[in-house]
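So the sequence lines, in the order shown, correspond to chains C and B.
In this text, residue positions in the first sequence follow my numbering: the first is 1, and each later residue adds one.
In this text, residue positions in the second sequence follow my numbering: the first is 1, and each later residue adds one.
If you are wondering where the hints come from, they were derived from the structure by calculation, not from laboratory data.
These numbers were taken from a predicted model, which means no experiment stands behind them.
Among these hints, one or two may not hold up.
Claimed, not checked - For lysine-lysine, the following BS3-like pairs were computed, each having C-alpha atoms within a straight-line distance of at most 25 Å:
| hint | chain 1 | residue 1 | chain 2 | residue 2 |
| --- | --- | --- | --- | --- |
| 1 | B | K59 | C | K30 |
| 2 | B | K28 | C | K338 |
| 3 | C | K374 | B | K55 |
| 4 | C | K290 | C | K374 |
| 5 | B | K28 | C | K30 |
| 6 | C | K222 | C | K290 |
Letter by letter, the chains look like this.
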Amino acid sequence: MPLCSPYLTSYFRTFGANNSRAQVIKFWWKFLAAALVLLSLIAGLAIPLGPGITSVSNTIFETSNDLSFEVTGYNTAFSSEELPQVWLQNGELDPFKGSQFICADAVSVVDGKTLSISFDPLGALPSRICHLLIYTPTNGLMVRPNALSVGSEEGATPVSWDAECSPLALAGTEPGYLHFPNREMLIETIRNLYLHVPMWFAMILLLLMSMIFSIKHLSSSKLEDDVKARVFAQVGMVLGMLGLLTGMLWAKFTWGDWWVNDSRLNGSAVTLLIYMAYFILRNSVEDESKRGRLAAVYNIFAYVMLIVFLLVLPRMVDSLHPGAGGNPAFSQYDLDNKMRLVFYPAVLGWMGMGLWMAQVRTRLSLVERKLLWKN
Amino acid sequence: MLVVLTNLTVLGQEQGPKLTSVAQESGKYWVTTGVASIIFLGIVVYLVVQDRKIKQLEKRLEEEA
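In isolation and in its complexed conformation, chain C is listed as follows:
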């Protein structure tokens, strides 16, 4: 980096051996934030997904006939040396309560990612939906919910259950290496969690800081506080727009459309519009002191609306997002423990980066003001 090296050398020198310890303390968080975001980018993309079932060749079957189909895996390593065990589960998938299992009669490995499976005629089943479970010691227990459904039960005799055929003892078995969960709908896009959610969290923090500086401005009338309130809201908006874009990309893949009628999506759009109005309001008043006070009052109300639209309303109604309909977000159902290893550093990192950007912009604005007064 020949172009940057003089700047970097000088930058590092500012808090190097010649300077006080206070300066080191002053700057450490910037580099920690950058390191955490970089770590989350690298780890979030490089850690592989766990094995999963991508597709089943024959999804509708008749219970009175033999059932044969091929299964394609994702990140699997099927091998004829450790022949997979296969079950069909009829009933509730999670947490296996009241479910009945049927063992496959023949399983053969086509290649590392493909299995050929056959069942004898199953008989009349209590539920028309069957889930597919496959286990090998290397891949762990893989589950494909709603993999097969009964097309016709004509001439089928009632199913005879084998009590010994059950994968319950293997529930939760996973491969030994570090991996992210292979969720049916999300697949590789699960990694977007490390960008989309931390950006929103960083936005919420920055807008909170903006509101705090607005309150400070109202109590002290210092223009510096007004500048800080404006800049923190600007950087928060940038992160909010990035959060919205990453969310739209994710929605297109998982929900099939760029924008769906979801309470959290609509709430986020309304929030960003409210903050856009904050900047329009600022620009519409020429008198600096009046502008500061007016914008500060609006900013306080804007943050209250943010809490309502982003954090309260989506929890009270049904939503496609986690944490809706009264459910706690980031519970064991939404966030795997292995994902927390990358997710929490990403949240801290993006918050730190947001604060760094806001600090640089604030200082620049204040220097600009000083230069303007001087001239």
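Given chain C, work out where chain B should sit, using these hints.
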């Protein structure tokens, strides 16, 4: 730093047989990771440069005052 070190330690673990990942096999992981890291490092370098320039300006203004 503790969080970073803890993460790196965990990432460095080899607990069992590693399976082939579809995206890693095709090289998409490494291209995406590389591009994302380079863009991000570019932003960090830009921030560092801006930070330093502003610091110089602040110093100059202080001296002139």
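Can you confirm whether the C-alpha distance between C/K374 and B/K55 stays at or below 25 Å?
holds, 18 Å
25 Å limit on alpha-carbon distance, applied to hinted pair B/K28 and C/K338
holds, 22 Å
Checking one constraint from the list: CA of B/K59 to CA of C/K30, max 25 Å. Satisfied?
holds, 20 Å
For the pair supplied as a hint, C/K290 and C/K374, confirm whether the alpha-carbon distance does not exceed 25 Å.
holds, 23 Å
Holds or violated: C/K222 to C/K290, with C-alpha atoms at most 25 Å apart:
This hinted pair holds, its Cα atoms lying about 12 Å apart.
Take a quick look at whether B/K28 and C/K30 sit within 25 Å of each other, Cα to Cα.
violated, 30 Å
When the structure is compared with the earlier hints, a violation turns up for hint 5 alone.
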